[in-house]
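Number of protein chains: 2
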Amino acid sequence: MTDRTDIDALIDLMARLPGLGPRSARRAVLHLIAKRGPLLTPLAALMQTVADTARECLNCGNIGTADICPICADDRRATGVICVVEDVADLWAMERSGTFRGRYHVLGGTLSALDSIGPEELHIPRLVDRVAAEEVTEVILALNATVDGQTTAHYIADQLEGRVALSSLAQGVPIGGELDYLDDGTITAALNARKPL
Amino acid sequence: MTDRTDIDALIDLMARLPGLGPRSARRAVLHLIAKRGPLLTPLAALMQTVADTARECLNCGNIGTADICPICADDRRATGVICVVEDVADLWAMERSGTFRGRYHVLGGTLSALDSIGPEELHIPRLVDRVAAEEVTEVILALNATVDGQTTAHYIADQLEGRVALSSLAQGVPIGGELDYLDDGTITAALNARKPL
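Chains as they are written, first to last, in UniProt numbering: chain L, 1 to 197; chain B, 1 to 197.
Calculated directly from the structure, the hints in this document are not laboratory data. Please note that the accuracy of each hint is not assured.
Under 10 angstroms between C-beta atoms, here's a sample of chain L residues computed to sit facing chain B [what the hints assert, rightly or not]:
| no. | residue |
| --- | --- |
| 1 | Thr53 |
| 2 | Phe100 |
| 3 | Pro196 |
Simulated restraints, written as ranges between beta carbons of each label pair [stated by the list, open to error]:
| no. | chain 1 | residue 1 | chain 2 | residue 2 | range |
| --- | --- | --- | --- | --- | --- |
| 4 | B | Leu114 | L | Leu169 | 48 to 54 angstroms |
| 5 | B | Pro174 | L | Leu179 | 50 to 56 angstroms |
| 6 | L | Val147 | B | Pro70 | 48 to 54 angstroms |
| 7 | B | Pro70 | L | Thr49 | 32 to 38 angstroms |
| 8 | B | Glu95 | L | Thr151 | 15 to 21 angstroms |
Listing some non-contacts, in silico: residues in chain L with all C-beta distances to chain B over 10 angstroms [unchecked claim]:
| no. | residue |
| --- | --- |
| 9 | Ser24 |
| 10 | Thr41 |
| 11 | Ala45 |
| 12 | Val88 |
| 13 | Ile124 |
| 14 | Val128 |
| 15 | Glu135 |
| 16 | Gly149 |
| 17 | Ala170 |
| 18 | Ile175 |
| 19 | Glu178 |
| 20 | Asp184 |
| 21 | Leu197 |
Backbone N, C-alpha and C define an ideal beta-carbon position, used for all residues, glycine too.
Whenever a hint applies, use it, and build me the whole structure from the sequences.
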């Protein structure tokens with residue numbers, strides 16, 4: 001089937017996306033070919049546009065299409081508070097909640113001796129610079145509640161101690177969560193941080 | 001975040017692929033942007049190429065990049081045997097097994113009164129024409145072992161009865177299958193079709 005190489009190559013590339021394997025990549029490609037007009041052609045064009053225009057915000061590390069991302073450029077957002085997140089997906093998750101009205105700082109990962117990811121790779125010096133330059137009064141450490149995330153949070157807290165108010169996200173029972181399905185650590189955290197009614 | 005519309009639009013389109021939801025589409029797009037050179041740019045180009053060149057084989061309904069697909073054009077493949085499949089994914093699955101050396105006929109679905117899919121929509125008249133024109137001696141009905149698939153197989157068998165030898169795929173225990181996990185129907189079929197050692 002020498003003639004099918006472009007379609008085969010497309011399947012191979014699609015299978016490299018997270019969440020897709022060889023089988024689902026084949027299904028996706030057949031779906032794309034079946035929906036050529038409404039889906040495949042616009043998708044190809046949009047991918048090219050994003051490939052040409054997407055870039056990291058020079059200030060916070062968010063992904064946008066300009067040197068300074070819309071959040072950093074939005075002067076209605078509070079400048080005195082920086083929310084530190086591991087990656088852009090976490091920033092988007094925070095934005096979907098619609099609660100936070102300050103700025104962000106995207107680390108791009110967590111500290112890891114094993115993968116030789118040190119403070120420089122995570123733009124932690126740039127965070128320290130921003131705290132001084134933007135007259136920041138509070139840094140919220142919204143890192144994942146994993147060992148790596150918490151190690152990184154401790155390191156950043158050490159760097160910034162005494163310069164700004166530091167806080168981290170509350171730990172406890174998630175909304176809609178059932179106690180029976182929660183791990184012991186979460187229940188312990190929720191109990192220790194219990195609030196008077 | 002008005003500036004993020006291209007990336008947002010890309011996420012929305014990706015979420016329309018089978019097997020991807022909003023969350024995995026966001027992950028996929030972030031992965032694409034992170035791997036812009038090795039993945040996003042070639043994927044955009046390849047999608048455009050496939051959008052421009054992919055077409056249905058005029059003879060069998062397979063997808064390729066020419067009017068006649070490589071299988072129909074390959075004169076080393078037997079012309080006397082046609083394997084009837086529901087869709088192109090099934091044809092690819094048959095080809096991966098590497099066993100069948102004849103030609104195919106892709107129906108593009110199954111008969112369905114509910115969705116008003118009749119014989120014309122499934123290219124069944126074209127199959128009947130091919131049986132006469134290509135001097136076919138055997139038609140293998142490789143339709144899915146579902147109610148719709150079997151209804152369609154019966155209809156085709158009625159149309160072709162007396163003109164060619166008709167066969168269908170054997171039913172039984174799949175290779176590596178454990179009896180305890182098989183449904184009753186499969187065990188019954190395997191028992192009824194038991195073979196002497």
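For a quick check of understanding: which of the numbered hints are violated here, in increasing order?
2, 3, 5, 8, 9, 10, 11, 12
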